[in-house]
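Taking the numbering used here, the leading residue of the sequence shown gets 12, the next gets one more, and so forth.
No wet-lab data here; the hints were simulated from the structure.
Keep in mind it's a predicted model, so treat the numbers as computed, not measured.
Ideal Cβ placement from N, Cα and C applies to all residues, glycine included.
Just so you know, not all the hints are guaranteed correct.
To be verified - What follows is a list of derived Cβ distance ranges for each label pair:
no., residue 1, residue 2, range
1, S193, T73, 36 to 46 Å
2, T19, T258, 30 to 40 Å
3, T19, D268, 24 to 34 Å
4, G259, R157, 43 to 53 Å
5, S193, R243, 29 to 39 Å
6, E78, P145, 30 to 40 Å
7, R157, A82, 18 to 28 Å
8, E151, G305, 18 to 28 Å
9, P226, P145, 46 to 56 Å
10, G42, G259, 37 to 47 Å
11, R222, P287, 31 to 41 Å
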Amino acid sequence: MAALPTTTHDLIIIGGGIAGRFCAWNATNRGLRTLLLDPDDARASAAWASGGMLAPVAEGLTGGLLEIGLAARAAWPDAIRRLQQQSATPLTLDHGIVVPLAPETSRAPMAGYLEQMRARADIVMLGDEPDALPAQAGFERAALVRDEFVVAPRAVLAALAQATADSVEVVRDKAEQIRVVSGAVHVEGTAAAYTGRSVVVCAGHRAGLIRGLEPFLPGTVTGERGALLYVRSDNRPPWTIFDHGLTGVTYLVPTDDGYRIGATADPEDRCRTVRPEEIDLLLSRAASLWHDPGAEVVEAVAGARPVGPLTTGEPLVGPLDPDRRIWGLLGMHRNGILFSPFLADKLIEKVAVCLSS
């Protein structure tokens, strides 16, 4: 067992993905001495292999997840504004999500989905008028959700790193165990030990591997694998396309020099390498939505998105132990990009109040 250190941080954050980085940013903006632990760099995070959808209505969220999503979507413009003030990374929110509608949309459950979109978002139907859709579109009718948008996740990660470069201590170490001793939290890593007044666990599907945390988790935090292609093309779609297809969700997100193609893959697979047959499948799905024979794949990456430990599927946000020393921001599923700024702000606000009392 590593010797306990004498230096104490106000807050230790375990996990350097999008959730952990937003927590660290909020913590340091509140004047908390913050240490961030992660054995990997940003390229190992789920956000690195994410399309960047900020679209709770287009994605079909329901119940509590939809309410969180709407509040989170509303929080993004201010988060972008403040991040740009504190970093040198250009950030934009690209509006407009197109959801292809099949002829059977009039039947349940798609009929209910369309009614929800009409009730909770600003939508325009495309395809009812001639030439409303580009010739490359592989669908004849769609709903354009005008008040939902996408962000470039890698740019957000870079901006968060820049904004906290001088205020958050980042250590490349893996948290192995958490213990609360005499009111302090001790985190034993692979390389060293760390102590703080509180800890926030943002380790995604790896949270269940941290010893000492098991009694505080209501279930197993697992991972659902997502695959992403970066495609170079002069023929990118004019808006993001999000398809609820029979073979699963597929999305195309325009970039400066092409577009991203993403889909959820095998939930049991942890491999970060996208296999050739997966690339072919993603390209085939994309071609059914947007005809682009000249598309060139320049990068293929996969990552595990944490699935919530609660039966409701809602994220686990708040104190994990009775003494409110161990906190969690876990189980956001494929909504980590969307939820993180909003939930991290709410969580760190509560942590700061506890630390000041």
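So, going through the hints one by one against the coordinates:
1. With their beta carbons about 45 Å apart, S193 and T73 fall inside the hinted range of 36 to 46 Å.
2. Distance hint for T19 and T258: a CB-CB separation of about 52 Å, inconsistent with the stated range 30 to 40 Å.
3. The hint said 24 to 34 Å for the Cβ distance between T19 and D268, and at roughly 47 Å that hint is violated.
4. Roughly 25 Å separates the CB atoms of G259 and R157, a value that falls outside the hinted 43 to 53 Å.
5. For S193 paired with R243, a C-beta distance near 57 Å fails the hint of 29 to 39 Å.
6. At about 34 Å, the CB distance of E78 to P145 agrees with the hint of 30 to 40 Å.
7. The hint said 18 to 28 Å for the Cβ distance between R157 and A82, and at roughly 19 Å that hint holds.
8. With their beta carbons about 23 Å apart, E151 and G305 fall inside the hinted range of 18 to 28 Å.
9. Between P226 and P145 the beta carbon distance is about 55 Å. The supplied range of 46 to 56 Å therefore holds.
10. Roughly 45 Å separates the CB atoms of G42 and G259, a value that falls within the hinted 37 to 47 Å.
11. Look at R222 against P287: about 38 Å separates their beta carbons, and that is inside 31 to 41 Å.
Violated hints, in rising order: 2, 3, 4 and 5; the structure is consistent with all others.
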